[in-house]
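Protein chains: 2
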Amino acid sequence: MVKMMSEAALPGRIDAAAYLSTWAKRVEGELDRLVPESSEPPEIFEIMRYSLFAGGKRLRPVLCVAGCEAVGGNPEFILPAACALECIHSYSLIHDDLPAMDDDDLRRGVLTNHKVYGEAAAILAGDGLQALAFELMANERMGAKVSPERHVKAIRMVADAAGATGMVGGQLLDIRANGRVSDVTHLEEIHRRKTGALLRVSVCLGGLLGGGDEAQITALHVYGEKIGLAFQIVDDILDVEGDEALMGKPIGSDEGLNKATYPALYGMEKSKRLARSTCEEALQALEIFPKNAPELESLAHFIILRRF
Amino acid sequence: MVKMMSEAALPGRIDAAAYLSTWAKRVEGELDRLVPESSEPPEIFEIMRYSLFAGGKRLRPVLCVAGCEAVGGNPEFILPAACALECIHSYSLIHDDLPAMDDDDLRRGVLTNHKVYGEAAAILAGDGLQALAFELMANERMGAKVSPERHVKAIRMVADAAGATGMVGGQLLDIRANGRVSDVTHLEEIHRRKTGALLRVSVCLGGLLGGGDEAQITALHVYGEKIGLAFQIVDDILDVEGDEALMGKPIGSDEGLNKATYPALYGMEKSKRLARSTCEEALQALEIFPKNAPELESLAHFIILRRF
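Top line first, the protein sequences correspond to chains A and B. Position 251 (the first sequence) corresponds to 251 in our numbering; numbering is contiguous. For our numbering, count along the second sequence from 1 and bump the result up by 1000.
Mixed in with the good hints there might be a few duds.
Within a straight-line C-alpha distance of at most 16 angstroms, the following computed EDC-like cross-link-like pairs (lysine to aspartate or glutamate) qualify [stated by the list, open to error]:
1. A:153 / B:1140
2. A:115 / A:104
3. B:1057 / B:1235
4. A:272 / A:287
5. A:272 / A:239
6. A:115 / A:103
7. A:145 / A:76
8. A:153 / A:214
9. A:145 / B:1140
10. A:153 / B:1149
11. B:1272 / B:1241
12. B:1153 / A:149
13. B:1025 / B:1076
14. B:1153 / A:239
15. A:115 / A:46
16. B:1145 / A:43
17. A:57 / A:235
Hints are computed from structural coordinates only; laboratory data are not their basis.
My request is simple: use the sequences and hints to build the entire structure.
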């Protein structure tokens, strides 16, 4: 942890590791306050909380916080929206892990929701977390700090990113592709919807609720889109490099070519160049902000560039 | 159909059957316009539309329309909200039918969603319909006709009714009870959450978005709650009377006592009295409206009193 923090603390930048961990804790505290253990009826909330508090970087809420700071907003006022993003992310993981989907027994080293509570309860806990996300989005105290027009628009934006044109539609495309994609356009469509949409909306949401103007929201949109794409490319790179180190499997083997990853489609070197140039595009989008929105800039370095 | 309509057309009342069928068609037309076949990506929308357009009385949207008329609002302005209620109802049926839940192959005489598209797709279609519901709730054109404060409050109300404290939590209570409830308090809690919450909010939503004042919304809340309860009691009565006619099974048999129904807990006569008195309470709540809100009054007669 100390090493990561010193790596992130480049001259002139925010300490991204400390920023992530500080706001992650703040978001967790707020989630615990908004969805307390004492909520009724007890069992469904216990099952929802099991996954909601099972760890995770809280990247989406923190991107939302940083988007809010980029436009000069106060993130304390929009924490319910940041929490809502985590509820959506958490529900999507519960449903993705189900036997009918990826059939995973473990996540982050602990039993998946359905392994502990059963499939029916896990489906319902996911459903409940999605409803909770929109309840938090429509939070009354947040409404007192945000213009109601922006508030409604923010809810529409999140619903769009989480739904059939975004995350849910992308997950179905991914299942149907079954690890085999025809070309990079197909691969990009899957990622843009499945993981990209929610990451992108996280940044924009902070900017919108923080009071940003149209040009600023557009810049945050570009940043969020590029960061989401770069994040995926890096994940693919690390998967392959992990594999290589572990098993000595050559890059670009025939088996590799059928895998729906950037290194399989582009090769490793081109994938790394693409990740870097995509991240640079994200950083360029920040140029309209005072000091280039140092929080978002540092997060881009921390979650993308330092990883390979 | 002709017989039903003449039964409903009592003196001084709206023709409830015609009202239901007219607005059901209007809601379906609006759903088809808001979620067209051409939506992208195609497959997820095809799967969502399969269940969304698989029939049904559209009771929740029509209750919303009638709630809006009770307070003098124009239902045409709030149709996206009425459609949102149907999306939530439809998603809950898809998930309830899953093998991990009720494991049903047929609904309304056609194959259930997962029997046609597979479990993974059915889970995702349900998830997508819930997100769509909140996208419709945050509809921009509706926002132009409703005060933004009411708009946000309406979204919060629907999320609350659909989520862990309402429908989703009630479904888990029902699964855990597994047809055996300890007493009528337990039975009522299950129904109040599982089916009651969304029925109640349907009426209130129309009143809130239609511009109703606090006293009117409270009256609609009481009406919705009582209608939901009476609806459930009548369903239980018809289940048993259907059984009796079919199998000659005596009411209140030992087997019957373990079933989580009103006739099993109260006996048939007391259940019928309770359904009637509960419906009367719903009608009393309408007394603060001009002409006692004839649409809601007629719907109560049509969906409850004429059925037994």
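- Item | Hint check, failures only | Checked against the structure, the hints that fail are numbers 4, 9, 14 and 16, while the rest are satisfied.
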